[in-house]
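**Student:** Okay, here's what each chain looks like letter by letter:
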Amino acid sequence: MSTQTTTATPTEPKHLSGAAWALALVPLLLLGAMLSYLVATGGGLTQLASPPVEKVSVQRVSLPKAGIISVEVVNDGPQEVTIPQVRVDDAYFMFKAEPSNTIPRLGRAVFTINYPWVAAESHTISLITSLGVTFDHQIEAAVQSPLPSLSLFAQFGLVGLYVGIVPIFLGVLWYPFMRRLSSGAMNFILALTVGLLVFLALGTWLDANEFAQDLPTFWQGIPMVIFIGLITLGSLIAVSSVRGGRESTPLGISYRIALGIGLHNLGEGLAIGAAFATGKAALGTFLILGFTLHNITEGVGIAAPIVRQNPGLKHFVLLVLLAGGPAIFGTWLGGFAFDPVLATIFLAVGIGAILQVVWEVGKLVAKDSARLGKPTINWLTLSGLGAGLAIMYLTAFLVKF
Amino acid sequence: MSDSTISRRKFIGLGVGATAGVVGASLMTQAARAQGPNDYPQGEHSGHVNGMGMLVGKVDHARNGFDPMRLLVDWDYGMVSTLPGGQTLREYTISAGDQEVEIAPGIFFPAWTYNGRIPGPTIRCTEGDRIRINFANFGTHPHTMHFHGFHSSEMDGVPGVGRGEINPGESFVYEFDADPFGCHLYHCHAAPLKRHIHKGLYGAFIIDPKAGRTPAREFVMMMNAFDTNFDSGNEIYAVNTIGHEFARRPIPVKVGELIRIYLINIVEFDPINSFHLHGHFFDYYDTGTTLQPTLRMVDTIMQGQGQRGILEFKFRWPGQYMFHAHISEFTELGWMGMFNAVAPEKFGEALKLAEVDDEWDTKATKGSTVEAQSL
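Chain order of the listed sequences is R and B.
With the numbering used here applied, the first sequence covers -6 to 394.
With the numbering used here applied, the second sequence covers 528 to 902.
This is chain B alone, in the form it adopts within the complex:
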């Protein structure tokens, strides 16, 4: 308390002894006294994990047309067929368009989207598959699809190379083999690149290794952000678009099961983003292009824009575990969520709390399996 009275905004002449100085000093002491620990308002919303430091209210996911909780496990395997040579062909239809998206409760962003959602569909396939993307631009600006992966320059989806930008009302077929296996991404590469990315044109591109990965509960998390006032700085940060959504609805997981997160950073304007898990450590596979972890036993990793990787870990004890960018500013601007780790017998309850069903559970646990891919 006492250091408040000798504040750096010290009163000129304090201590000279004149009454006015005493007036100032006693007013200041009154202010300092008021900052007792018991005076702080305790959150009326006791369910909120971060006390009062949260976005207020709920987003209308039905109006947006997508729920970030469901996007976590929404793998898109495409239309599957077999080519004459025996190669698996996966065909996707993806359209770009203009859409208003409620990115945080009450804040509406004039977004550009792939298939009406941010992030766009999670394209999932196995290494060596033929990928065919029927891309149509229903938007008001030229767009492209630029994939991270091996492909020829005509399929690169950048302005001025091959077909280049796809104008509004036009379409193009991107075709290439899925290679190498890993956790990748795609995004629009039309000019100006910055705006085409931060307006929402991006998605995950996951190539499973031929031998598959260990069965696990899998989630895809795209770390993104939105510059709502177009000042080249973001107002809302999140994973899968909606700020603080997973803080309000903790992600249900079972204690002891293997968790795998495909983590991708697409945040514009800020040079780095990060992921920090509370109470536990994880193995990290940078870009997911190796079968052995590139980092073991870490609890925080850092990603620049376009960087991505795979996280694997198990929860040791039941409870609520926070995960967030260890860039505190992003955390408090929406990029913070919770895992709700429960014993298997309590899992049904946890699903209900997160407003998801058994189908969500199935998608989460069978993501990389053969059954799922032939769905």
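The shape of chain R in the complex, shown without the other chains:
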């Protein structure tokens, strides 16, 4: 075998002829025939027929106005499901289903139930199928779903501003201070940035999984998160390699950090908006304050790589907007049009983006350590890393509940 491969190089046809294409069609045609046979006759498997399995999942519940509950249902079972009746708090109530209360596999329907829900109280919705199987969903505390209005739009925007833009802006304001630091101290700050990013990567991964687990089964949420994260990481590495092996510019690294943090903050905004819209959380001052404190270190991280080379005010503005702005966008999206699939995808992209900058900032730490004549992992960098993790971990106490 090994001798043949070197001598007989297979000829490479430049174009595929029509006949070649026809060959490619043969398996497909046979597949079609096989499928038709199975559908038409059952393929001789009638003895294996088991009782029907019905499965649906509730995607989204909203309370558009008094006396109305709107429930979006996805059929993630193996076959069509009909939902003839709907109970709320152990009582049958009238409803309308759009487009139909018979939902095909992978299909969805919106049930509008005439139920006088009570503000701030809990309600349980139970969908009952034609075979009498029940699927329950709990509204933890009924809050009227925010309807898009200019003032609400502005208020959600304000929340995003406090959670995203303000802390990052404040963090970046340490830039002049950082410029006056010794190389050793700066190496500490860079290591701290790595710690911060590792914390964010892990947090984003956990958030993504939380959304992924609630997705209809067919989405295969967790593999989806892993693959999107890996593809993002790979793509970003590929993009930085396009520059023909040249070193990444410090400003480029800052932008990629800002992008990763931006995607993380988008997820944070989504969670805040969605939690409010579904009555799961109150937007208290304490919580907002917590996010501001928690996110302030992110600004330090963005500014750290460009300490030796001031890129000018314009770039600082852009960096802050890139990292903080998505929080505003996320809050809008979460509050008005929450989509768990989209949320999972955004967060998965965020994981990849953050991992990529962990790698790049890590290289900066290594380079700076080498310049100081020290190994990459020394007590200074290690304590920087630890400090980054600790700051993020401890300030998270304010926002985790």
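The hints are simulated quantities; they were obtained by calculation from the structure and are not laboratory data.
Treat the numbers as computed from the prediction; the structure is a model and nothing was measured.
Where is the CB? At the ideal position from N, CA and C, for every residue including glycine.
Incorrect hints may appear among the rest.
[What the hints assert, rightly or not] Think about it this way: if two alpha-carbon atoms lie no more than 30 Å apart in a straight line, the pair counts; the simulated DSSO-like pairs of lysine-lysine are: (1) K48/R - K585/B; (2) K367/R - K356/R; (3) K307/R - K367/R; (4) K841/B - K893/B; (5) K58/R - K585/B; (6) K89/R - K58/R; (7) K89/R - K890/B; (8) K48/R - K873/B; (9) K585/B - K879/B; (10) K585/B - K89/R; (11) K89/R - K48/R; (12) K48/R - K58/R; (13) K873/B - K841/B; (14) K585/B - K890/B; (15) K737/B - K721/B.
[Said to hold, decoys possible] Computed, partial: chain B to chain R, Cβ under 10 Å: (16) L582; (17) G696; (18) S698; (19) F699; (20) V700; (21) F703; (22) D704; (23) F753; (24) D754; (25) D758; (26) I763; (27) E856.
[Stated by the list, open to error] Take a look, some chain B residues computed to stay more than 10 Å from chain R by CB distance: (28) M579; (29) G580; (30) T620; (31) I634; (32) G770; (33) E859; (34) E872; (35) D884.
Fit chain B to the given chain R structure using the hints.
**Tutor:** For chain B alone, coordinates are given in the frame of chain R:
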């Protein structure tokens, strides 16, 4: 309205004065404002008595093979003959089987039935009659017929005593004298008992006193329920099986006439059931084994599983009168109906509304009479 803003899910830090707190507060006020009384949707189905709190749609009774409205008055007197000693013999043929029953619009329950209906046939006789039940099991599981009444242990229809459980494809003859008079029931007693009952194997067993009862418009109501997801809790409650059926089709009655209800509770899993009549009071004969009421002037009675009794009352005024379990949960899960009390001249119209005919009226009013029993 104001108490909504100070809800128990109070916003952390509300009142601190920071903008974010104000954001939360104003969002909440908006929600509270939206709950004004005029915003509630008024039922498009104005005919429904309970506003929006109802099952949606109709059951296909033809497909089920029985109509709960007709079961109210469907007395089964059996094949009547006279034994050599002069005793009346009533012979019944009853078979158990598996059948899918639409117990509420669109919800199909894998039931076990006597004679293809739930409840099974209402066996009606007079005290002292000889009852002979030719029972055949066409189902997929062993079944029995266990009657409430005086009988010897061989006729008790319980596993391990006498003939015990009747296997699929087998048959047995239950025979005993009707005693004592009253409102009784029968049900399957095969193991596991819980499942054999809640799957639908039960029916009414009414023994009239020798002297008869005062002529009245009579109904048999079996309070039952179905555990459709088999979690030992019921999803649908009803009288005569179909949830909210008598709310959709109010039962026609005449103002001033005596109404008699044979009421039986067979609901599984829940310890008690009850019957409450709106706007009126009734006399109650516990188990129906006395000729004098055991309770006078009540509007609600309570029954445990297997408990039963007779209700007697008259409607004073025309109108729609609700009756339901005064266990609100059961009411809203299907056990609620209406009487449509009308003046005699409007009765034909009321019958039409309930989708029944003169034959139904005859059966309702002649249930305990000699003519009916010799039909």
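**Student:** If a hint holds in the structure, say so; if it does not, say that too.
**Tutor:** To see whether the hints hold, each was checked on the structure:
1. At most 30 Å may separate the alpha-carbon atoms for a hinted pair to count; K48/R and K585/B meet this at roughly 24 Å.
2. This hinted pair checks out: K367/R and K356/R have alpha carbons roughly 14 Å apart, not beyond 30 Å.
3. Proximity of K307/R to K367/R is assessed by CA-CA distance (about 35 Å); at most 30 Å being required, the pair is judged violated.
4. With a C-alpha separation of about 17 Å, the suggested pairing of K841/B with K893/B holds against the 30 Å cut-off.
5. Distance restraint check for K58/R and K585/B: the Cα-Cα separation of roughly 28 Å lies within the 30 Å cut-off, and the hinted pair is therefore satisfied.
6. A hinted pair counts as satisfied when its Cα atoms are at most 30 Å apart, and K89/R with K58/R qualifies at roughly 15 Å.
7. Between K89/R and K890/B, the direct Cα distance comes to roughly 39 Å. Violation of the 30 Å bound is thereby established for this hinted pair.
8. Annotation: proposed proximity of K48/R to K873/B is violated, straight-line Cα distance about 49 Å (limit 30 Å).
9. Between K585/B and K879/B the alpha-carbon distance is near 17 Å, which keeps this suggested pair within the 30 Å criterion.
10. Taking the CA atoms of K585/B and K89/R, the gap is about 15 Å. The hint holds against a cut of 30 Å.
11. The suggested pairing of K89/R with K48/R holds, with an alpha-carbon distance near 20 Å, which does not exceed 30 Å.
12. Under the criterion of a C-alpha separation no larger than 30 Å, the hint pairing K48/R with K58/R is consistent with the structure, at around 28 Å.
13. For the given pair, K873/B sits about 17 Å from K841/B by alpha-carbon distance, which is consistent with the 30 Å threshold.
14. Restraint check for K585/B and K890/B: satisfied, since their Cα atoms lie roughly 25 Å apart, inside the 30 Å limit.
15. Taking the CA atoms of K737/B and K721/B, the gap is about 35 Å. The hint is violated against a cut of 30 Å.
16. Annotation: interface hint on L582/B holds; nearest CB of chain R at approximately 5 Å, less than 10 Å.
17. Given hint, G696/B at the interface with chain R, is violated; its Cβ is 23 Å from that chain's nearest Cβ, farther than 10 Å.
18. Hint status for S698/B: violated, given a least beta-carbon distance of 29 Å to chain R, over 10 Å.
19. With a cut of 10 Å, the hint placing F699/B at the interface with chain R is violated, because the nearest CB-to-CB distance is about 31 Å.
20. A cut of 10 Å between beta carbons decides the hint on V700/B: the least distance to chain R is about 35 Å, and the hint is violated.
21. The interface hint given for F703/B is broken, as the beta carbon of that residue sits about 36 Å from the closest beta carbon of chain R, more than 10 Å.
22. Hint status for D704/B relative to chain R: violated, with the closest Cβ pair at about 41 Å, above 10 Å.
23. Checking F753/B against chain R: minimum C-beta separation of about 7 Å stays under 10 Å; hint holds.
24. Satisfaction of the interface hint for D754/B is found here, the shortest Cβ-Cβ separation to chain R being roughly 8 Å, below the 10 Å cut-off.
25. About 8 Å separates the beta-carbon of D758/B from the nearest beta-carbon of chain R, less than 10 Å, and the hint is met.
26. This hint holds: I763/B has a C-beta 8 Å from the nearest C-beta of chain R, less than the 10 Å allowed.
27. This hint holds: E856/B has a C-beta 5 Å from the nearest C-beta of chain R, less than the 10 Å allowed.
28. At the 10 Å boundary, the C-beta of M579/B falls inside the reach of chain R, the nearest C-beta of that chain being 4 Å off.
29. With 10 Å as the threshold on Cβ separation, the claim that G580/B sits away from chain R is violated: the shortest Cβ distance comes to roughly 6 Å.
30. The Cβ of T620/B lies farther than 10 Å from every Cβ of chain R, with a closest approach of about 31 Å, so its non-interface assignment holds.
31. With a cut of 10 Å on Cβ distances, I634/B falls inside the contact zone with chain R, its closest approach being about 5 Å.
32. Separation of G770/B from chain R is inadequate, the least Cβ-Cβ distance of about 7 Å not exceeding the 10 Å criterion.
33. For E859/B, the non-interface assignment is contradicted: its Cβ lies about 3 Å from the closest Cβ of chain R, within the 10 Å cut-off.
34. Under the 10 Å C-beta cut-off, the non-interface status given to E872/B relative to chain R holds; the minimum distance is some 34 Å.
35. Non-interface status of D884/B relative to chain R is upheld: no Cβ of that chain comes within 10 Å, the nearest being about 29 Å off.
When each numbered hint is compared with the structure, violations occur for hints 3, 7, 8, 15, 17, 18, 19, 20, 21, 22, 28, 29, 31, 32 and 33.
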